[in-house]
Each structure stands twice: as structure tokens, then as C-alpha cells.
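2 protein chains.
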Amino acid sequence: MSTIMGVYLPCVQNILGVILFVRLTWIVGLAGIMESFFIVLLCCVTTLLTSISMSAIATNGVVPAGGSYFMISRALGPEFGGAVGILFYLGTTFASSMYILGAVEILLNYIAPIMTLFGPFTGPENRAALLNNFRVYGTCFLVLMSTLVFVGVKYVNKFASLFLACVVISILSIYAGVIESAFGPKTTELCFIGNRLLKLSGDMRCEKFYNTTCGWFNMILSFYIACKVSRLVLPSVMVIILKTIHQNVLDNSFAHYLRVGAPITTDRLKDNPAADVQPPELGTGYRTWLVADVSSSFTILLAIFFPSVTGIMAGSNRSGDLADAQRSIPKGTIGAVLTTAFIYLSSVVFFGTVVDGALLRDKFGDSIGNELIVSIIAWPSKWVVLIGAFLSTVGAGLQSLTGAPRLLQAIAKDNIIPFLKVFGRGKLNGDPTWALLLTCFISLIGIIIADLDVVAPIITMFFLMCYMFVNLACALQTLLNTPNWRPRFKFYHWTLSFVGMVMCITLMFISSWYYALVALVIAAGIYKYIEYCGAEKEWGDGLRGLQLTTARYALLRLESRPPHTKNWRPQLLVLLKVDENLQPKHPQMLSFAQQLKAGKGLTIVSSVLQGNYLDSYPEAQAAEQELKKAMEANKVKGFQQVLVSQDVSQGLSSIIQTSGLGGLRHNTVMFGWPHGWRQNPDPKNYKVFLDAIRASSACHNAILVPKNISNFPSRNDKLEQGTIDVWWVVHDGGLLMLLPFLLRQNKVWKNCKTRIFTVAQLEDNSIQMKKDLAVFLYHLRIDAEIEVIEMQDSDISAKVHVKVGNVVQRSRSVRFYSPNKTASETDQYTTESPRVAPTDGEDTDSLVSSSSPEHHVDTNGKEVRSQAAAFHVKTFQIVYCVGFNPHFCSQSTNVRRMHTAVKLNEVIVNKSHAAQLVILNLPGPPKGSNESREANYMEFLEVLTEGLDRVLMVRGGGREVITIYS
Amino acid sequence: MSTIMGVYLPCVQNILGVILFVRLTWIVGLAGIMESFFIVLLCCVTTLLTSISMSAIATNGVVPAGGSYFMISRALGPEFGGAVGILFYLGTTFASSMYILGAVEILLNYIAPIMTLFGPFTGPENRAALLNNFRVYGTCFLVLMSTLVFVGVKYVNKFASLFLACVVISILSIYAGVIESAFGPKTTELCFIGNRLLKLSGDMRCEKFYNTTCGWFNMILSFYIACKVSRLVLPSVMVIILKTIHQNVLDNSFAHYLRVGAPITTDRLKDNPAADVQPPELGTGYRTWLVADVSSSFTILLAIFFPSVTGIMAGSNRSGDLADAQRSIPKGTIGAVLTTAFIYLSSVVFFGTVVDGALLRDKFGDSIGNELIVSIIAWPSKWVVLIGAFLSTVGAGLQSLTGAPRLLQAIAKDNIIPFLKVFGRGKLNGDPTWALLLTCFISLIGIIIADLDVVAPIITMFFLMCYMFVNLACALQTLLNTPNWRPRFKFYHWTLSFVGMVMCITLMFISSWYYALVALVIAAGIYKYIEYCGAEKEWGDGLRGLQLTTARYALLRLESRPPHTKNWRPQLLVLLKVDENLQPKHPQMLSFAQQLKAGKGLTIVSSVLQGNYLDSYPEAQAAEQELKKAMEANKVKGFQQVLVSQDVSQGLSSIIQTSGLGGLRHNTVMFGWPHGWRQNPDPKNYKVFLDAIRASSACHNAILVPKNISNFPSRNDKLEQGTIDVWWVVHDGGLLMLLPFLLRQNKVWKNCKTRIFTVAQLEDNSIQMKKDLAVFLYHLRIDAEIEVIEMQDSDISAKVHVKVGNVVQRSRSVRFYSPNKTASETDQYTTESPRVAPTDGEDTDSLVSSSSPEHHVDTNGKEVRSQAAAFHVKTFQIVYCVGFNPHFCSQSTNVRRMHTAVKLNEVIVNKSHAAQLVILNLPGPPKGSNESREANYMEFLEVLTEGLDRVLMVRGGGREVITIYS
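For the protein sequence lines, the chains are A and B, in the order given.
Residues 1 to 966 in the numbering used here are what the first sequence spells out, letter by letter.
Residues 1 to 966 in the numbering used here are what the second sequence spells out, letter by letter.
Bear in mind the hints are in silico, worked out from the structure with no lab data behind them.
Please note that the accuracy of each hint is not assured.
When chains are identical, the list treats them as one kind, so a pair holds in a single copy or across two.
Stated by the list, open to error - Once the Cα atoms are required to be at most 20 Å apart in a straight line, the calculated PhoX-like pairs of lysine-lysine come out as:
1) K747 / K628
2) K490 / K585
3) K911 / K331
4) K421 / K684
5) K421 / K528
6) K753 / K490
7) K629 / K753
8) K718 / K382
None of these values were measured; they are calculated from a predicted model.
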């Protein structure tokens, strides 16, 4: 099919509709030429912009079948597509009600008033009768028409050209009438009392009679003369001439909005002294004057007019049948919009020019014996317009009743809205039976409403909503710059679509904000329902690009600022081992990670497979799926990664180095304890563990090592009592303090109490220490019970003592916070790291420097020693912490260290044997790869944690993670 | 300082203010008891909720100094903090204007009317005189007070308790008066004509006199009696009794809003027949009746009242001086809010009960000879209230003038708003001089406005805005669950803060939406300015957590759906070599990446350093910074990663496997050609290149290899003409077609034309081929010139021919798209990959299977062979593509292949020597690590691209990236 037959004419036929015949004159009468011109212009510009957007969408690739719904749903994805489809369906269905009501109105009011039931039906006092007439006849029409659609849809399609002919002939007849009236004015007479228009009835006594139409040819002529003359005389003469010769234009230029019940008046007689005369009582020869049956305003009339510019999708709906859809749709649609816009705009001017204002405002033509106003203009006969309008309206109704069920069927067949499934079924030839039934039912609602002026705004809402989404789809795709967005139609621009979208929203809300809200709620409801049903259509949609852009933008924004102690939160990288079935060996790690995060922040779960990546792609994919499943089972929201590497240590190092993206980078690495390392003959066995610790430390990441992970509570457990015991040996950025707080956010650990144990030596003032620590914790806003454990340090050699002496001295010399400094300065303030001695600085640095002491001022401005500084350089800690490094690594220190471990373990087991969780510092691993030292280190940890049920070993990432400052 | 002295009393003093004395009676008169009760309640609830949020913020860590501004800026970050700070400053400054105007009003109107200038100043006709009085005296007050602040700020602080005493005594005096009035009603008389209140003047003749106050003790008594009685009699009796005994309550219960100029009337005389009598002319003994000087409504009165509930931050401002700020601030502030709420609410009831309605509505007490209405209630003397109100108002003004400059100084010292820098300076003792000057200047603006009823709403806006942010900060931090959010004050909840925030916004917009918009614009302006100035304060802010959550959420959402051909866009992973200075060797790679992306989508730039990560952390960091710099220089928006690995190939493989996060994963890898590989004696040299190709292929990533990258145009070049030539040898997912389209989106390549060359053999119908290809490209919506090059295949052996025959046969048997299928089915539809022969399937698979043929239907529904399927299995391509694999790898095929390369190169150079860019397929590398085959492969590529200026070799990622479907 060609552009003209396939797109242009169907569009024109769909756009031109019942409103033109039965309401446009009334709108012009009420809103005046200028405002109604503006109304029509607004509506036409909106549809023009929408058709530009639609052309772009329609020419962006082959649409196999289905037209506009398919286009939108494929562009915006199933959720929006479904919502728009349903709105479009509802709009089309209510449009069928509107056509039927219009047809009934033409039939009963103008063609055959004899057919009315329920007595007289014009005038506001008989409104109920009028509406009941509409209801009864409307239902009859609906039943007849849907039966016709059901049994013979092919006839409907064949009659399409007949209906189009009716429209064209009617419009031509009106134009002809307008031209005729230019020469010979018609003298249909109106009857006024004062300036009020009267209903025409048999034996009336009127005071004034006026011509309804006038010879506008005179006006053109005088305008021409004026133009000629104005070269000689002043232009004002022209105005005077125009003024005198054409009263209609002047009367009709401005708005005459009426409230319901207000009398319809004329401007011509406004100086008539009798204008305000009270009406004589009834029975004195005439009934009464005519009054407005509905209130009107700019926005009300806009909402009533809008349905007559819809129908721009008629062409694109036939995309399948077009020879060259990508060329025909833009040309045909935009051509049709421009043509119809011209027809509407010229009609506004003509009606305003030709017909008397009061008559225009008389909706049902009561003042001239129930004539359709447009029909009295028509040439050669009013019957041309009457029959034409009636047939075309019936035709439009039939087409709506044909199209709407097919649309519903298409949506139902897409299967994105499960409960619509039944409407996908049809007769043997595919015609939708159930969908037709539903359509009839919804259409019946419109008919029961019965008032065209109420139904029209409903249609307006649905279509505006739909057009808004078309514009949105176009604007979004242009802005997102998807490579697939390459429309053949080049004359679109995102600003046009954006303006179109804004106009749609504006028109929706100004025409009636409550309908608009209802439409929005319906759309949002459908959207959410489809999202809830989880439609995973393989269409691809423009919004995926939006999500991508959003995610990318959010990430890029994030990176621009370095994080701050106050904002520190654990961003976990969980390293999991997988077994031979590619399933995580210890899924409890995931559930513990979830408990630690309270559902917030980043979690990346990674696993390294040994092998050659070129061969192991499927295996890696499978492992990733298993990880994903395990994460879902444990309600861990996050990301998973599987790396195939020849060397597991290398792989872990890579993952620790490069996991995350931009600002979403992990700062804490969690991995399991290598149980059974002693039994395993392969020393590599714990090497991976040590390498992971080393790599994490090098990356300045914090480390969490849960031991006996299989004893940890699962996601659904709820520990009813017990304690989380923190053994605070080294101040290591404060993570030890933060962990119990974080855990207790989760319901599993909610009822656990926190206890903090710290180790003092005999020479320490442990009571003062406890008090200081209590103040510190108070300022940290952490509730915990504090216990100071006294331990002898007789096992620490004199040499170490000297060194330790240095440390303490140095740490005392650090500058304190002075109250004049602002908080920001304090936060940036870092003291020199205390060093044990220059000779072994290299080794201790990496262990102790990670704990930068923190200082604070109490609320009275008095300076107090930071508890952190006070605690972190005790001799005991030195042994605990730096004992694994070469300078301390004589055989004797080794024995001493083991002794320390045993002693500390005794104390811990004694105090915390009943604790739900024991958290303690993880000392740094030995440098270099001295096997015996590595084995010693592992042994030390084993001894330290022996006999404890659940242990979490923690090592800070070299920065403070908790602060007393707000 | 304790809770009472440090927080509670300062708060009470700051909250109770001038509005209570000079406007509350008037508000009660106009809004009625019920509505004014509601106004006061609304305001008090808002401040209560805000003080709860503020308590939470204030107890979340130590605030070293500075109070509320510091709290908010540290919680919300510099941008919001600065905006809120400035709003708070403006609010406080305008509050000083309000206090000064209030003090002047009390002085001139009630204490010493004799001091007035400019003639009589009451009544609307003398409004100009009134305002000028305010302006002159206000300016004097301002000058005096600011001088006092400048020279002796310590006196101001000392007088604070005096001012507090004044307030307390005044309020006690009012309460005493109310109690007194319960027993002996005062008989100040009012003068009415009709029901209209008259101004009191010397020789007036009035018609009615009424008592102003009444014995409400009677009412209580009757109520008590009624309660007693109601057990016996009907409750309605009670109502009747109440009605008869207390007219005031009834009159004052409901609103009597007045328009400007409307006469002040009483309800008592509303049935007076003389009510509508015209006023006698002037000069007949009385002046005229009293009229309202401003319009009033619920919202207007709300805006005027609100400033009298501000001041809740007075306590937290002193956080530095409190013994235990974290305990005192919540208790004291909330206590003060509750106390003042009780005072206001009880005052509303008392005023409404005790004073006659008409008198309440008489703002300046004109009807009783210019008495302050609250003062006539007072006991023992009106002077207690008058002097008390005056002194406390002056005191409040002094405190505002002291506080505001200090706040400004604090903001200026934070140095987040550069142009405020000057206001950070001060006298030697730190007192702000310039800030005081600015404050005076702004305060003067308020005084020039002169109308308390206009200034108050301005203050309302600033404070509401500020309170909104306090609530927002609390709600956000609670919802984001930052670990640092651990307020000591536990009785907050995000819903309370949220409700508070909504109430603030609502009050802002209902009280006056234009002021609200102005305030919002000011806030947004400051926000943007601070953002623009790039304040990088090391505070850490709650919004960083929001960004993180957003990014995480966006990423998590992204992952839930697999991507689709339609949404395919290149997500680049650029692998860069760095030189010994850690700078990228070929930054042109970045600029080419930028041209390819048109600024959208993901770009990850990675580099691998050889070494041990444990030692190379600083190096890796430095390299990352260099990459970042290079990316910024080339306007590449994206992320950078540096991996340190022992083995570069392994490292590249890791990066290719694990780069990106969740849905933001690369799908295309770009790396440079190893120039000079022939000269380099180390065979490893090109091994890294081959391994990168292999790893990318294994990951199903597309590969882009630009050759002669240093010749590529830079970011600022603009190619004015020329072509992008695509040599389409193998259909490999369509990336070759997409690339020119993407490049031409960028201004560098915008003017280049695309040409597509394809190779046909002699037996092909090259004319038909060209036509088919043209249709295919038309459906792809890609504009390109097409050229089919005919080449002899005489060099291809018979053996290969047979195999190729198989391929063609198989590819013909693939099922075609049938029109009944929906688009989604088509997209999922994959045919069996054509295989050459079962024996060498393994090898060809990885090369050919990546090109799944695509089929399409033309618009008439006729089935056509997909061009892709038709082109991709030509014999020539077989040689090109699978030639490097074992089964083809005899010495003779090697020679033949080289011959092919030479021939093809001849053709390409011949056709494309002038092209700006030549794009061609990159054949798959040989499997296994046979060195000679690898060298042959490299040689083949060198020969193929010899003599070409800029070459881009492309290999698809095993999936279609371009589709004809919409």
C-alpha cells in the first residue's frame, strides 16, 4: 500500500470525528474565535510533535506487525509498554462510547427526534430524560455494532472507504456552505427576549429576529477595499469599515464562557434596556430562554476537543501492510496531522465568522428547532452533513470496536499481564472473542455515563498519557544515544519530543488534574503489576540504556570524592572456596556477611578457580551462577565474580587488587580460616591464606577471618542472649569496636551484649584505664561493658622492654589536638607513627603504623589523652603484634610468643567461653616466605583461638574507621 | 553548664518573643480560637519534630564548637551545610529586624506615642507615616544596638539573664491578669456604630459600649455545674448554659478573616439593624470606624506566627560550654519546646476567652486609645508587660545581632564560600567586624520594609528551610544506615524526621509559595555555587552515603536483566601499556576510545605492571593517577585500574575476566598492535598480544585493535572529508557495520563517509549481491556506499573447495524466519552454526560460530535470505578466517594464505589508500602455542595491512550487535 492509501487517508479518517460535527461550533461560541483557535492549535501542536516522535520510533527498524503498541513496548520495555498499551486500549474503547453517543445524539436530536423516549429531552430540566435516551439507544447501538464486528469484521474493513467518503463529503459540504454564505446570507431567524436567546416553539412571541449567517464575502471585499484605501487614508479607516460590516467576527472573537444554568445571550443586544427584564411567567406564549447545560471554561473545552485530534496512530498500525513503512509512516502521518489541523483551524474561523454567537452557544440548536448548527451552513442540503456525520460517526465507532479488541489481544498475547491471558484467545480465524466482550463491557460504562462532555475528557486523559510516553520514548532514546537508535526519519530532535511530553503533561493537568491523577495511578498500577509479575521479555528496551547511564553516572559521581572516616562502612569482598561441584564450601560466610552488612553497602563475592581460562569459560560461568544462587539463598545483595587463574594466590591477589569499580571498591576482605592445615602435607595449603592476608594488607584493606565458620548462626537463627566479646589488644583503626555495633543491627545478633576486654600489665593503673576507656566508648556512642584484664609481663625480655620504652616515649610526644583547631583539621591530623627503633622500623612499621592514634577533647575543652594512643603501644601488644618479624625472631622469642599465646588463650577461654562470638586482633603475618616462621604464625593463631566456638579475627586497613566526632 | 542553665533557659528565652506580645492577640481575634490553636499547634509540632531530629544529630558525636551550623554542615556536607548555614544566617538577621521593628512598635504605639514623627500614624490612611516612623526609629535602634554589640559584646551576654527575666515576668503578669479577670472583669469600654468598632478619640459619640474582658471564672463554674447537672439532665442543657454565660468563647471560636480595608466588626451586634447603616460624614463627632490594615487568612497568619517558635537551636549553639552536651541538648531543647508550646497554646485559649473579639482584631489597640492588648489583661499593671516586652524584644534583637555575625564568621572561616572570605576576619579578640557590618546592612533591609507582617513571613521561610534540612539530614542518615550514625539520643525515628520535613515543606508552600520558591532558589544557588567552587572539605557527609547507595542500587538493578542486541553498545575495556615513567605509551588510544563512545557508556582503562604487588603498591597508585590524568586530558569519562602481576599475560587475563562490576561489565576489549614485534628478539613480545586476543575471545568480548595508533586523529582534529572504509570479509556480529556509525557521532569523524567493501568470487552474482546488501543496510538504517570487489579464487585448493561446499550447503539449510513468529522469537532464534566438516569442527567453530546468521523479512512479508547468511561463508572467507588452524596448516596452505593476504592487501590499498580509516576483520589467532603458526599469523596481519595509514582490526564477541528490528 502506498503512503496516501495506507497512511494518509486512514489517519485523516481517524482524526476527523464526531466532535467536529456536534461540538466544534459550540466550542467556538463559548471560547470565542481566538481562544478556540488557541485550543485547537494547542491540541494540534501536541499531536504534531507526537507524530514526529512516533515517526522516529516507527522508522527505527522493522516492526514485524502490530503497529503503535508494538513500537512503544519495544522501545520502552514491557512495563511501560504494557501500561501504555492498556491506556491506549482504554482510550480507544472509550472512544467507541463517544462515537456511539455522538451517533445517537445526531440521530435523536437532529435526524429523527420522533424516536425519543421518556418525553421531551431538551433543556436542562429534561436532562435526565436526555441521558436516559442516550443510554437506551447507545446500548442498542453498541449491541448491534458489536454483533456486526463479531460476525463480519471484513465488512467493517470494507466499509472504511465509505466512512471516509462520508467525512470528506460532509466537510466539503460545509466548506461549500461557507462559500455560499459569502454571497447570500441565510436568514434562519433567532428569537430573543432582552438579550437572551429563546427556544423555538410553535406559538412563540419573540421580540427580535436576527439572521444567523451573514455574507462574509462583503467582509473580504471591504477588507480588500480597505487595503487599497489604506494607502491613501489612515489604517484606522480600515478598522472602522471592518467593524461596521462584520458584527459576527467581533462578537465571536472573545470568550463567553457560561456557568451551568446561565442564560445564553447575545452581545448584539447588550445595550438593550430590556436585557435584564425578568421573564414573564410561563404560559404567556413562550417557554423560557435557553440556558447552558454544562459549565464551560478554557480547560473544560480543551478536554472535550482533544479526542478529535487523536487517531494519529492509524497509519503506523498498518505498518505490516505498507510497501515502504519507513518512508510512508512519517510522511502520511505528519501530512494527515497538518491537513486536519488546517481543517479544524479554518473551521474555527469560518464558524466564528459565519454564525451568530448566541446560536453557536446553543449546543443542541434548540433555538432553531433542533437543527445541527453545522448542518445549517451546509450546501446543498443540511442532510448531506447530517447523514454524512451520522454514518462517519457510526463507522468510527465500528472501527474502534474492531481495533480495541485486537489491541487487547496483542497485549494479552505478549503475555506480560498474566490476568489478561484469556483475552488472547479468539475464534478459529484469530478474531478476539473475549477481548470483544470486555471491550463492549467497558464501552457500556461510557454509554451509561451518557454525557459526551464527560466521556470526552476521559478519552483525552488516556490518549494524552499515551502520547506522553511516545514522546518520552523518543526523547529518552535520543538522549541516551543507544547505538540502535538510528531512525530513518531524521527530522526529530529530543527537544521537540521533550516539548511534546511537557505539553501532554500540562494539557492533562490543566484539563482536569483529578482525571490526570487517576490515569497516572492506573498507569503506575499496571507498571508495578507487570514489574511484579516479572515479565522478562527478550525485547530489549530503551530504559535499560537509562539504567546503565544512571548506574554509570552514579558511579562516576562517587569517585570524585575520597571517602571519610565518618562515612566508612565495610564494603566487603568475600573470598569463597568452591568445591568440585562448583558450590561454595562454606555458605555460612555469605550469611555472616549479610549479618554484618545489615543489608546495606557493597558486597562482592569472589572465587578463584585453578585452571586455564581459555578452556574453563563454561566452568567459570557455572560457578558464577552457583555463587549467585548461594547469595540469593542467603539474601546477600551484591555482585559475584569468578576468576580462572593458573595460580590461586596470583588470582586472589588480582581480585583483591581490582575488584569493584570506581568508587564502589571493597575496603574489607573476608576469607575463611584454612582448617586442617596441620594435617595437610602440602605447605602451599596455608600459603594461599597467608598470601591473601598479605595482598589485602598491601591494598590497605581490612581483613576479617571467621574461624569455625560452620558454627556461625545462620540467617534465620536468633541469638536470644549471650555476648559478643571483643578482645582489644591492638588499636587498629577501631574496626574491632565497630563490628559488634554492626552485627547488632541485624536481628540475629540484636539481643547480644557487647563486652570489651583489654589487657593491662601489672604496672598499669587498670582502674584509671577502665575509666578512660569508658569515656572513650561513651564518646564513640557504643554501649559496651568494659573489662580490664591484668597480665604479667614477666615473659617479655629486657631487650624488648627497652624498645617498648622508646615506643611509649615517642607516643607520648605526639602533639595533641588543640581546641582552636576546627574539626576538619583534627580529622586530617596524623601523628608520626611510633617506631620501636630505627633499626627495625621497616618491619614494625607495616604493623603498627596502621594504627594512627586518635585524640579527642572532652566537652569542657579539657585535653585528654586519646584512649587509642594510651592503649596501643603496650609491651604486651608488641609481642603480640610484631613478634613474627625477623628482628624478634630468635628461638627464644618464639618460645616466649607461644607462651604468651597460651596465657592469653587461657584468659580468653576463661572469660569468653560462653560468648556467642569472640572478636580479636589478627596479627600481621611474617614478611618474606620463611616457612618455619609462617608455620609458627599459623600455630600461634591456632593456640590463641583454641577452645573457642566462634572466633572472628580482625585486622584494620591502616586507617581509622570510627570517630568520636560528628 | 547544666541542662537548665545551658540549654533549657536559653531556648525558652529565644523561642518566646515579640510576636507573643504584639501579634498573638490579633491572630486569635482573626483566626478564632480553634484555627489559631491549630496554627500554633502546627508550628509547635514542626519545631518539636525538628528538635527531635536535631537532638539525634547533636548527640551523634562530639561537636567541637559552633553549634547547629556545624552539626548540619558536618552531617550533610559542605554544599548543603553552606546553603543551610546561609539560610540560617539570613533568618537570624531578619529576625533582628523583626525584633527592632517590634521594639519600635511597642515604644511608639504604646509607651510613648508622643515620640512619633510625620504626624498621626494609626489607621490605614496614615500607613505611610507609620512605616516611616518605623524606618527612622528602626534605623536609630539598629545603629545603637550594633554599636553596642561592636564595643561591648560581653555586656550583651551578661544582660541575657535580665532579658530572660523580663520575658518571664511579662508572661507571669499576663497569667496573673488572666486569673484576676476570672473574678473581676475589666470594664474597658469599646465603641461601636452598628456592629463596627470605632477608634477612640476625645469627643466621640458612640452607640454601644462593651466590656472588654469578662469573668471567665463564671464560665469554669458553670462548666463545673453543667458537668454535675448533666448526669441528671441532658447534655444539651450544658451547652445552653455555656452559651448563655460566655459569649466571648463563642464569638472567638471561629475565624473572622478580614480583607484589607474591611471594617472590624463584632459578632454580638450582628443582628443589630443599624449594622449596615452608612457612616455619617466626617466631622459629626467621630472619625470613622476601624478597618483592617492587612488582609488575613489562615496561611498569612501562620507565616506571621511561625517566627515565634524558632530559636530551638539556642541550646545546641552552646554545645561547647555544656558539661554533658549529649545529655543536655535533647532534654533541654525538647523541654523548652514543650514549655513554650504550652505557653502559646494556653495563651491562645486565654486570649480568646478573656478578650472581646472585636478588640482582639484591633491590631494596634486604637479602639481603646492605643493600648497593647496583652497589657490590658496584665496584673498588677500594664507597665509590667509593656516594659517587659520592650526590654525583652530589644534583648532578643541584641542577641540576634550578636549571633548572626558569628554564624557568618563561622561559615566564612570554613572557607566553603570563597566570596565570604572577608567576613571571616575580625577584631583582635576574634569578634567579627565585617560580618557585623553585613548583618547590619541586611537587617536594615528588613527595617526599610518596616512592616512586621511582611518581615515575619520572610523569617518563616528561612527557618522552615533550615529546619527542613535538619529533618532531612536525620532521616537520610537513619535510612542510609551509616555505621557512624549512632546518636546517643535514641528516641528519634526516620518517620518522625520525614513527617517533620514534609511539614516544613508544606508550611513553606502554603504560607506563601513565592517566598518559598525564592528561598529554594537562594538555597539552590548557594548549593550550586559551593559545588562549583569545588569545596573539598574533609568533613565527610551523609550524602556521600546516599551516592553510594544510589550507585549500588542502580548497579544491582542493572544486573537483574540480561542485555539485548538492541541495547548493545560498546562497553570498552582499554588495555594500555605504560612506560617507565608510568605514563601511557599511546594516549591516542584514549582519544580514539572517546571518539568511539561519543561520551556515553562505560570505559574502563586498565594497565598491568609486572612485579610483586606487595612491594609495588605505591607504583600502582601512581600509575593509576597517571591514567586518570591521561583520561581527563582526553575527556574520557570512566574508570581506571592498575594491576600488578608477576606475569603480564596472566594479569591481562585477570583484568579481561573480572573488570567491571555487575551489569557494568565491558563487552569490548581494545588494545594496541605490537609494533616492532619482528625486530624484537623475544618471542614473548607478541605472545602477550595473542594471549589478550585469546582471553577476550574466551570471554566472548569483541576486540578492537587499532594499528598505527599514533597516526589516529586527536580529540581536537576534525576530518573535513574522506571515508571510513569497511572491508567486510566475515560477518562477525555486525560490529564492523556499527563502528563507522558510532565514530560518525563524534565531531572528529562527522564529515567522513562510510564505504562498505565486500569480496565476491567470480562465480557470485555481484550485482545481485550489491542489491541485497543495499537492502540489508537500508533496513539497518545505515548510510553507506557499497562496493563489491571481485576476486579470483584460483589459489584455493580443491580440498578447501569441498569443505567450503559443505559449509554453503549447511548454511542454506538453516530455517528462515517465518512471519507468524513475533519479533522476540526471531531475536532469540539461533541457527545451527555452519560447520566445515565434522573432523575440523572444533577448530572452525570458535571462528565461524561467532557469526550467527541473521534473517529478515521485507516489509511485504516475503522471505528473503539474510545478507549475513549469504555473505559469511564464502570460500575466500574460509581461507581468511580458519586458515591458521591445524587442519589447514600444511606448508602449502601457508603459502596460499600469504598469497591471499598479498592479493587482498593490493585490493585494499588500491581502493582505500586515501581512506581516513580502514576497518577490517581480525581473524582468530591459532590455537595452542605453536610458535611458527603464531609468527605466521602475525605476518599475515602485517602483510594484510601493509601500506595503510590507519587500520582498525575488529573481531566480534560471538553475538549480534546490530539488528534490523526496532
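| task | Identify every previously stated hint that the structure contradicts and give their numbers, smallest first. | result | 1, 2, 3, 4, 7 and 8
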